[in-house]
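Place chain H on chain U using the hints.
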Amino acid sequence: MTFLTQVLNGLQLGSIYALVALGYTMVYGIILLLNFAHGDIIMVGAYISWIVMSKLGMSPVLAVILSVLGCTALGVLIDKVAYAPLREAPRLSILITAIGVSYFLENGSQLVFGADAKVVPDYTSLSTFQVGGMTFSFTAILTIAVTAISTIVLNLLVQKTKLGKAMRAVSEDMGAARLMGINVNTTISFTFAVGSALAGIGAVLYSMAYHQATPTMGIMLGTKAFVAAVLGGIGSIPGAVIGGLVVGFAEVAVSAIGLSVWQDAVVFLLLIIVLIVKPTGILGRPMTEKV
Amino acid sequence: MPSDKRRRSVLVQMETPNLIPERDLGKKPILEAHDLGIDFGGLTAVDDFNIAMGRTEISGLIGPNGAGKTTIFNLLTNVYRPTRGTILLDGYDTAGKSVIEVNKMGIARTFQNIRLFDKMTVEENVLVGLGNSMSTSLLTDVFRLPKHWRQEAEFHDRALDLLGIFDMQGLASTEAGNLPYGAQRRLEIIRALATNPKVLLLDEPAAGMNPNETDELMENIQKIRDDFQIAILLIEHDMSLVMGVCEVIGVLDYGRIIAKGTPEEIQNDPKVIEAYLGKQEAK
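Sequence order for the protein chains is U and H.
Position one of the first sequence corresponds to residue 35 (this note's numbering), numbered consecutively onward.
Position one of the second sequence corresponds to residue 2 (this note's numbering), numbered consecutively onward.
In short, the hints are calculated from the structure, not lab data.
Quantities reported herein were computed from a predicted structural model and do not represent experimental measurements.
Each residue gets a CB set at the ideal place from its N, CA and C atoms; glycine is no exception.
Errors might be hidden in some of the hints.
Simulated pairs of lysine to aspartate or glutamate, DMTMM-like, Cα-Cα distance not exceeding 20 Å [to be verified]:
1) 120(H) - 122(U)
2) 148(H) - 158(H)
3) 196(U) - 158(H)
From the derived model, a few chain H residues whose C-beta atoms are all more than 10 Å from chain U [said to hold, decoys possible]:
4) 130
5) 171
6) 193
In isolation and in its complexed conformation, chain U is listed as follows (with noise of 0.2 Å):
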């Protein structure tokens, strides 16, 4: 059943590119913003594994754990020291700001942990299992669950919660919202907050199916979930989940009729036919300037 583990295959990376792309579109479709850090804030969930399993030799629960809750934290910390002092300024500084980020995690993490690539042990000795004969990649499956479960309490939290609502009037009118009494400041931290732990739990998954860590790992997986973002509608979140779907199984297409040298191109033509034909991607609605 090549067939088969091929469409898995595509769900379980398009998964990852959806949980990235989610953390994209959720930031800006508050504040407006291309968080460029974010493919990195994975890259630091992808070390903080490593270092609790590989170098403190401790459970991977708690490297999932640690990864995650490290993701949020340094993707809060990255908001408040770096972009919220810009909150009102215009937004080609904060987007500078944003590549001035990545950068600085990128050769940080270099500093410290050097160019070579840091294996990631496994998580779990659970490998393969098999139902009615047929194989079936425990990873995959865990990371198909993992997503579709992560985007369900999403869901939940952005419709039903409080915090959800006031993210969502936030996102649509700033200055009305506080005038209603929301807080911006916490909620546009808890909208960093929330996509980072995505970040998180993605760059766990990642590194269950990649085994690496690498400082610059994050610059072509961000890129992507990004690509994927775009393609479903920035801002939409359950556009980000089609986009990354449409993204990693685009991907596994063209591995599987043996282009695989042509798996980046395929994602960013994708990205240039949507731009072309629908600008505003699958799900985007047309954009309104503001004033």
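This is chain H only, laid out in the frame that chain U set:
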């Protein structure tokens, strides 16, 4: 339903100049501004603005376009920081407070150009306003614990009660952006009321409404004042509304109050006629 949880503050004893003659303020004023002014660069947008509003008073602010009316709303809600002067809400100085804190202290407003959360439903817009009094925890909400359902039911009821002011319960699950224009204006008022204000600022509530809707709005403004026992300050160009509903009117021109008084006094004030029609027309 005025909330009994509303803070009853000890009023700061201070001398309030009798800014508006021939009117009994009843108790201490709820909202006061003393010599309020703001400069933008070299331009003085508002100067020497004084007001003292009774606790259940309906006042109006009129004046030609660009006179500084909305600027005053932005000053009263701390969106702008005044260059001069002080604002007291229920006796408390609002200087240095954030926009959010001022809202919690009891000032809520609507906007000249409607600023609803368009992609959220009508009910959610009201729930955002009610947010201040919501004490829910994230965990109970995400995991849908029994407490979540109780709170949700409670807030749902409160939101529907508020929507009932304008008979809008039936529209609760409509996206706010899809409402007709008049209904959007009404929803903005409800959303502002949901924050449990002591003073409600309405920025051109009748803009774009037809005469029937304006009449209805007039009745509703009075009804809101009576039911909620709050003060209402409104900016309006529709003279039938201003004259019909306001007890006191201030006329603003070039950032200064040029006349103040009852609707009758204002209608016969030559300075007002001059401001609106130019010098030649005035006697």
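Consistency of the hints with the structure:
1. 120(H) - 122(U): Violated, because 24 Å separates the two Cα atoms, which is more than 20 Å.
2. 148(H) - 158(H): Holds. Residue 148(H) to residue 158(H) sits at ~15 Å (cutoff 20 Å).
3. 196(U) - 158(H): With a Cα-Cα distance of about 16 Å, the restraint between residue 196(U) and residue 158(H) holds, given a limit of 20 Å.
4. 130: With a cut-off of 10 Å, residue 130(H) comes too close to chain U, as the shortest Cβ separation is near 5 Å.
5. 171: Since the minimum Cβ distance to chain U is about 21 Å, residue 171(H) lies beyond 10 Å and the statement holds.
6. 193: violated (8 Å)
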